[in-house]
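Novice: Take a look at the letters that make up each chain.
2 protein chains.
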Amino acid sequence: MRTVEWNAGKVKMIDQRQLPWEFVHVDFETHEDVATAIKEMVVRGAPAIGAAASFGMVLAANQNTTSDLKALQQYLGEAGERLKAARPTAVNLMWAVDRILRLATSSDLVTAEELREALLQEAQNIADDDVVINRRMAANGATLIKDGDTILHHCNTGMLATVDYGTALGVIRMAHEQGKNIHVLLDETRPRMQGARLSAWECKQLGIPFEIIPDSAAGHFMAHGEVDIVLVGADRVASNGDTANKIGTYHLGVLAKENGVPFYPVVPTSTIDMNIQSGADIPIEERGPDELRTPYGKALVPEDYPVRNPAFDVTPARYITGLVTENGIVRAPFIENIARVVQERPLNLT
Amino acid sequence: MRTVEWNAGKVKMIDQRQLPWEFVHVDFETHEDVATAIKEMVVRGAPAIGAAASFGMVLAANQNTTSDLKALQQYLGEAGERLKAARPTAVNLMWAVDRILRLATSSDLVTAEELREALLQEAQNIADDDVVINRRMAANGATLIKDGDTILHHCNTGMLATVDYGTALGVIRMAHEQGKNIHVLLDETRPRMQGARLSAWECKQLGIPFEIIPDSAAGHFMAHGEVDIVLVGADRVASNGDTANKIGTYHLGVLAKENGVPFYPVVPTSTIDMNIQSGADIPIEERGPDELRTPYGKALVPEDYPVRNPAFDVTPARYITGLVTENGIVRAPFIENIARVVQERPLNLT
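Here the protein sequences line up with chains B and A, keeping their order.
Just so it is clear: in the first sequence, position 219 is 219 by the numbering used here, and no numbers are missing.
Just so it is clear: in the second sequence, position 286 is 286 by the numbering used here, and no numbers are missing.
No wet-lab data here; the hints were simulated from the structure.
C-beta atoms are modelled at their ideal positions from N, C-alpha and C, and glycine is treated no differently.
Each hint should be verified, as a subset may be incorrect.
The calculated lysine-lysine pairs, modelled on PhoX-like cross-linking and capped at a C-alpha distance of 20 Å, are [to be verified]: (1) B/K39 - B/K12; (2) B/K180 - B/K146; (3) A/K39 - A/K10; (4) B/K257 - A/K12; (5) A/K146 - B/K298; (6) A/K39 - A/K12.
Selected chain A positions facing chain B (in silico; Cβ < 10 Å) [what the hints assert, rightly or not]: (7) W201; (8) S216; (9) G219; (10) L252; (11) K298; (12) D313.
Chain B residues, not near chain A, derived (Cβ > 12 Å throughout) [stated by the list, open to error]: (13) A8; (14) T65; (15) T66; (16) Q74; (17) R102; (18) D149; (19) E258; (20) N259; (21) P310.
All chains, full assembly: derive it from the sequences and hints.
Specialist: In structure tokens, the structure reads:
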């Protein structure tokens, strides 16, 4: 079972808001509903959002039954804008929609029906590639993990954040499958608790030893020598290596450097945005106040208590030991080494 | 209304677990119940715990109706051990119980009844002194606050953490009362949410502009130049300036230094433990797993998900710009300057 998949004309996704209590699938029939699902975090995680949006574009192509190719292309352009607007930070969303739109406007296509078929194939490719890429990142990253290591992890970066297998949690999974005796400290990750709810659930399923900790305790464990390596995901990496990821990642980068602990974001090259020079150019989504005011549906504080809720932060490249990609581990100097790794053609990908 | 006070033979305290929703007082009639109230965080905050334990000792003296002075002294020794064991990190608890016990074994006392009266007076002195000390710390600390400043604050350090007025939040309150135009970012402070529940409630009462943020967002705001100063409390300061405080404080110290933001714990000299050389000697309380698993009575994750929940961490002195005390602001070199400030006899204290 994949986190996101095409199923009999619909997009089938795990409803991540119900975990760890219920493992529920939901079918989506329109691209508008997929956009809402991304916004409301039925599906989250940069690679999973990219795949969901790709299939959302296929839904859009099927929603509009015109036989006029131009009209369909225009409709798809609008659907793409709608999907891209669902969440601003993770670049995989834009990357996936643009990849679909590039194909949709390709001169090879003559009829609307050809377009619809080609789009489904491309969305499937994006989803299939994601799994291959994740396993490659996992293999590359697992070389960093030694027997007996304790790994600190933030948010969720497992199969639930991708089509399957995972990014940072994929590395952890691979090390575990290689028989390494590892232990994971999972930041609970306020406000949405992806670490406590989703990463813990995945570790439980996979038999990986873990403990949940408050986000604010990560430094305490690093300072006590209890963390050997920090692995995180990424929502967008600038061409200089500055990395946007779930709020709190910046804390981990600074604290890791201060304590001499290696710090690695695990990122497919599709998460690297070569169009921006630095992290200062990455838009940071500010989410609604009720994620803080009313956690898990229970009112913690009154409605008139003001809140700020940035969903992401930027860890400057100087705190990053290396970026684990499907094409290898990128280290400083980041600007030239990132340029090289994104140009490498991946092998055996669709 | 004080957070902790003696009222007609009972100890009257605000039940802080009910805030911000209900402002409820509870009366305690035995020292055992006071110990439980400290353990279960009906009352929390180092100075408030110290005052509660002092009055708890008075309850103990009244619970045992013996007229045998020696027997009463022995009973008080046992009651003191029980109260001290309620929470291990905040030194004010030990300091207050020892101050009461020192008096209880003083050679000036001849009868058990004299002892009981003297103990009540001493507990009242501890409570009254706390308010005077807090106002002095506030006046000293307020000199650090400029008009227009944004102050980052962790946990709760207001009147609720003390007998009245507060430590770090007391500084903020004083600056506000001086007419300075200030703004406070309140870390929500997982897992018990003292920032979101208690500090926000206090700021609301006092009309101090505030916003609640996730603990993990503090660095993001510092990196964006939105924080002018960080003020926190302390549960125990070692003689070299290493400071134990609510989990997450270490993150703030490291991030503040990294971003050139001044970082000041606000601590009465009673929080300084001259018996220990460094923060490594401060016992760190590990609290139960349900604070993470079942926040606010709602199950977030299953009971078999392992958790670690250290309640405090240690910020080494090298990250501390200064310690605001009632006898002035202490800066590096900390070892000699702390020794000096704790020796200064406070003026006008009982």
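Novice: Would you pick out the hints that fail for this structure and give their numbers low to high?
Specialist: 4, 5, 19, 20, 21
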